[in-house]
Amino acid sequence: MEILFYIFSILIIYSSIMVVASKSPLTSALYLILSFFVLAGFYVILDMQFIAAMQILVYAGAIMVLVVLVIMLLNLEKYKNIKTDMHQKFISGLIFMVLFVEIALFILTGAGRKPTGIFTSEVIKRVGNTQVIGEFLFTKYIFPFEISSILLLVAIIGAYLFAKKRF
Amino acid sequence: MNSFLPVLIMLIFSILFAVLTIGLSNIIGKKSYEPGKLKPFECGVEPTGEPHIRFDIKFYLVAIFFLLFDIEALFLFPWAVIYRWLGLFGFIEMFTFIVVLVVGLLYIWKKGGLIWE
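Quick mapping for you: the protein sequence lines, in order, are chains L and Z. Under our numbering, think of the first position of the first sequence as 2, with each following residue one higher. Under our numbering, think of the first position of the second sequence as -19, with each following residue one higher.
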């Protein structure tokens, strides 16, 4: 288990650096898919099978299809020789610092914390992560679940209307 | 976690397969580098225009519909594993969820959003 964690960590760091470092946008999109897959591997290690499936189906599958399509829809040949200036580097460095401090604080203060209440890690491990999610989603949070279907309906109609106006 | 061991074994084998096939053909295969090899070939005619063509918006529309119905299908997983426990209530619940999305499907169907002309 330990060795898997280290392999996944090396892979995700490598692929994330390559997302930023590679010149071609399509190459960085492929590296982003790799990092999403590795993230799913982390979820499996943490006994979150449903979230791992979600990660692969929605992120590595559907969202990345959209990203790759956007790259193909835009003609990026024109923008190949654009230089990045210090302004962008400064902002990205600032965001990096904030995120780093946030993660460091989390590790220092609350990393040892476990889920409280009736659903402790042991219970979740015994019953199953997917079952626990289902139990909550279809009893306690039934109203948000049904509302999400309306949200998806609005998204379907909206996507159709936006794209149809072009032709 | 143990039930994911086959997935891990399959992952290792697929990585090995990819690395072996590409690596072996790299080692065994003949290598020749010449400038003519990198030129675009268009039946002997000088290539015209840019190689990067813009894709139709229809591909994007299909991708968005795939994404939305993908999310719908995802909700079926936690529903299916506790279906017996939920009983009739769960059936009605999922039925309403699906019906609302079928309305959306019928809308784009009737409007001709799925026609590929």
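Simulated from the structure, these hints should not be mistaken for lab results. Don't take each hint at face value.
[Said to hold, decoys possible] Here chain Z is said to cover these stretches of chain L; the calculated rule only asks that three of the stretch's residues, wherever they fall, bring their Cβ under 8 angstroms from a Cβ of chain Z:
| id | stretch |
| --- | --- |
| 1 | 15 to 29 |
| 2 | 45 to 57 |
| 3 | 96 to 109 |
[To be verified] Derived DSSO-like pairs: lysine-lysine, alpha-carbon spacing no greater than 30 angstroms straight-line:
| id | chain 1 | residue 1 | chain 2 | residue 2 |
| --- | --- | --- | --- | --- |
| 4 | Z | Lys17 | L | Lys24 |
| 5 | Z | Lys90 | Z | Lys19 |
| 6 | L | Lys165 | Z | Lys91 |
| 7 | L | Lys24 | Z | Lys38 |
| 8 | L | Lys165 | Z | Lys17 |
| 9 | Z | Lys91 | Z | Lys17 |
| 10 | Z | Lys90 | L | Lys24 |
| 11 | L | Lys126 | L | Lys24 |
| 12 | L | Lys165 | Z | Lys10 |
| 13 | Z | Lys91 | L | Lys24 |
| 14 | Z | Lys11 | L | Lys24 |
| 15 | L | Lys141 | L | Lys126 |
[To be verified] Partial chain Z-side listing against chain L, Cβ under 10 angstroms, derived:
| id | residue |
| --- | --- |
| 16 | Tyr13 |
| 17 | Lys17 |
| 18 | Thr76 |
Where is the CB? At the ideal position from N, CA and C, for every residue including glycine.
Legend entry - Distance restraint between Lys141 (chain L) and Lys126 (chain L), which requires alpha-carbon spacing of 30 angstroms or less: 21 angstroms, holds
Inset, instruction - Mind checking the alpha carbons of Lys17 (chain Z) and Lys24 (chain L) for me, to see if they're no more than 30 angstroms apart? - result: Holds, at roughly 23 angstroms.
Inset, instruction - Using Cβ atoms only, decide whether Tyr13 (chain Z) comes closer than 10 angstroms to chain L, and label the hint accordingly. - result: It is violated, given that the least Cβ distance between Tyr13 (chain Z) and chain L is near 21 angstroms, above 10 angstroms.
Legend entry - Hint consistency between Lys11 (chain Z) and Lys24 (chain L) [alpha-carbon to alpha-carbon, up to 30 angstroms]: 26 angstroms, holds
Legend entry - Restraint check for Lys165 (chain L) with Lys10 (chain Z), where alpha carbons must lie at most 30 angstroms apart: 51 angstroms, violated
Legend entry - Coverage claim, chain Z over the stretch 15 to 29 of chain L, checked by counting residues with Cβ within 8 angstroms (three needed): violated (count 0)
Inset, instruction - Compare the distance between the alpha carbons of Lys126 (chain L) and Lys24 (chain L) with 30 angstroms, and conclude whether the hinted pair is satisfied. - result: Violated, because 43 angstroms separates the two Cα atoms, which is more than 30 angstroms.
Inset, instruction - Apply the coverage criterion to the stretch 45 to 57 of chain L and chain Z: a residue qualifies when its Cβ sits closer than 8 angstroms to a Cβ of the chain, and three qualifying residues are needed. - result: With 7 residues close enough to chain Z, the hint holds.
Legend entry - Cut-off 10 angstroms, beta-carbon criterion: hint that Lys17 (chain Z) touches chain L: Violated - the Cβ of Lys17 (chain Z) stays beyond 10 angstroms from chain L, reaching only about 20 angstroms at its closest.
Legend entry - Proposed proximity, Lys17 (chain Z) with Lys165 (chain L) (alpha carbon, max 30 angstroms): Judged against 30 angstroms, a Cα distance of about 43 angstroms means the pair is violated.
Legend entry - Holds or violated: Lys91 (chain Z) to Lys24 (chain L), with C-alpha atoms at most 30 angstroms apart: With Cα atoms ~41 angstroms apart, Lys91 (chain Z) and Lys24 (chain L) exceed 30 angstroms; violated.
Inset, instruction - Please work out if Lys24 (chain L) and Lys38 (chain Z) have their alpha carbons no farther apart than 30 angstroms. - result: Answer holds: Lys24 (chain L) to Lys38 (chain Z) is near 28 angstroms, not above 30 angstroms.
Going through the hint list in order, the structure does not satisfy hints 1, 3, 5, 8, 9, 10, 11, 12, 13, 16, 17.
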